[in-house]
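So the sequence shown is numbered by my numbering: it starts at 5 and just counts up by one.
Hints in this document: simulated from the structure, not taken from any laboratory.
Be aware that one or more of the hints could be misleading.
Capping the alpha-carbon separation at 16 angstroms, the derived lysine to aspartate or glutamate pairs in EDC-like fashion look like this [as the list claims (entries may be wrong)]: (1) K122 x E105; (2) K57 x E100; (3) K88 x E105; (4) K122 x E10.
Computed beta-carbon distance windows for the label pairs [as the list claims (entries may be wrong)]: (5) T18 x N54: 30 to 38 angstroms; (6) K88 x S12: 21 to 29 angstroms; (7) F14 x K88: 21 to 29 angstroms; (8) K50 x G17: 18 to 26 angstroms; (9) S63 x D111: 27 to 35 angstroms; (10) F14 x E53: 30 to 38 angstroms; (11) G119 x T85: 34 to 42 angstroms; (12) A37 x T82: 12 to 20 angstroms; (13) K6 x N47: 33 to 41 angstroms; (14) K58 x G119: 17 to 25 angstroms; (15) E29 x D97: 30 to 38 angstroms; (16) Q46 x D86: 28 to 36 angstroms; (17) Q8 x P103: 13 to 21 angstroms.
All C-beta atoms, glycine included, are put in the ideal place defined by N, C-alpha and C.
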Amino acid sequence: MKIQFEKSGFSGGTRFVFRAQVDTEAGQLIYGAKNLQKKLSQNEAKALENLVKKTRFFSLPARLGTARGREAETFSITLETDGKSHTVSGQVDQSEDIPQEIRPLYDRLLALSRGQVKD
């Protein structure tokens, strides 16, 4: 399974971007602006795959969340597995507004975009 995650926005007038590319089969994570690399343990890869199943990712709409503020955050999650691909993206006023149906997966991918890998 391959997952691409991006979260971006503005805070105090400064733009920020968090990115992660995950390949659960290869056990690889690429993250950050400098495309740093880390290995994923089998447990971490399996946990991600379970989160995807729990969210029923392929049945989610392509757009989630609506923002009203000028410093809104955008997010995008693209998943490829078994010859299928689906992207879910949205815009929220703050991370706390991420829709519940995708929140656990979003939180884990955000942590991975910061290089926080569980063993």
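### Query
Which earlier hints turn out false for this structure, listed by number in ascending order?
1, 2, 3, 4, 7, 8, 9, 11, 13 and 16
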